[in-house]
Amino acid sequence: QVQLVESGGGLVQPGGSLRLSCAASHRLFSFRAMGWSRQAPGKQRELVATISSGFSTDYADSMKGRVTISKDNAKNTVYLQMNSLKPEDTAVYYCHAKPYSVDSWAYWGQGTQVTVSS
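As numbered in this note's numbering, residues 7 to 124 make up the sequence shown, in order.
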C-alpha cells in the first residue's frame with residue numbers, strides 16, 4: 007500500500023516562506039507524477055503544482071512565481087517550497103501521486119496545515 011506523509015506545515019507571517027515535504031513509501035520512479043494540492047475552508051481543492059517522472063513541472067496561476075516543486079528520488083521525497091506567502095494561501099496542503107496504471111491521482115497523503123497570519 008502506498009503511503010504519503012506530509013510535513014513542514016505551520017504558522018507563518020505574511021511574506022514568509024515554508025518548505026513542505028512529502029515522504030513516499032515507494033520509490034518515486036514508480037509514479038508517473040507527483041503533486042501538491044490545497045484546500046481552504048469552504049473552498050474546492052486546488053491543484054498547486056506537479057512534477058513528472060522526468061522532472062517536468064507545472065504550477066497553478068495562483069502560486070506561479072512563488073512556489074517551486076522538486077523531488078529527491080534517492081530520498082523518495084517531494085518538496086514544495088513556498089515563498090512570499092499570503093493569508094489567502096492558508097489551507098491544508100496535500101501530497102498526491104499518480105501511478106502509471108491509471109491516469110488519476112490515486113494516492114493521497116493526510117495533509118498538512120499551512121496558516122499565513124500575522
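Hints were generated in silico from the structure; no laboratory data involved. Check before you lean on any hint, since a few could be wrong.
Below, simulated DMTMM-like cross-link-like pairs (lysine to aspartate or glutamate); rule was C-alpha separation at most 20 Å, straight line [what the hints assert, rightly or not]:
id	residue 1	residue 2
1	Lys49	Asp109
2	Lys92	Asp67
3	Lys70	Asp109
4	Lys81	Glu52
5	Lys49	Asp78
6	Lys70	Glu52
7	Lys92	Asp109
Notebook entry, point to check: Can the restraint linking Lys49 and Asp109 be considered satisfied, given a maximum Cα separation of 20 Å?
Noted result: Violated, at roughly 24 Å.
Notebook entry, point to check: Straight-line Cα separation of Lys49 and Asp78 no greater than 20 Å?
Noted result: Judged against 20 Å, a Cα distance of about 31 Å means the pair is violated.
Item checked: Proposed proximity, Asp109 with Lys70 (alpha carbon, max 20 Å) -> 24 Å, violated
Check: Can the restraint linking Lys81 and Glu52 be considered satisfied, given a maximum Cα separation of 20 Å?
Finding: With Cα atoms ~26 Å apart, Lys81 and Glu52 exceed 20 Å; violated.
Margin query: Please verify whether Lys70 and Glu52 have alpha carbons no more than 20 Å apart.
Written below: 13 Å, holds
Check: Is Lys92 within 20 Å of Asp109, Cα to Cα?
Finding: Given pair Lys92, Asp109 is violated - Cα atoms ~32 Å apart, limit 20 Å.
Check: Between Lys92 and Asp67, is the straight-line Cα distance small enough, at 20 Å or below?
Finding: 14 Å, holds
Comparing the model with each earlier hint shows violations of hints 1, 3, 4, 5 and 7; every other hint is respected.
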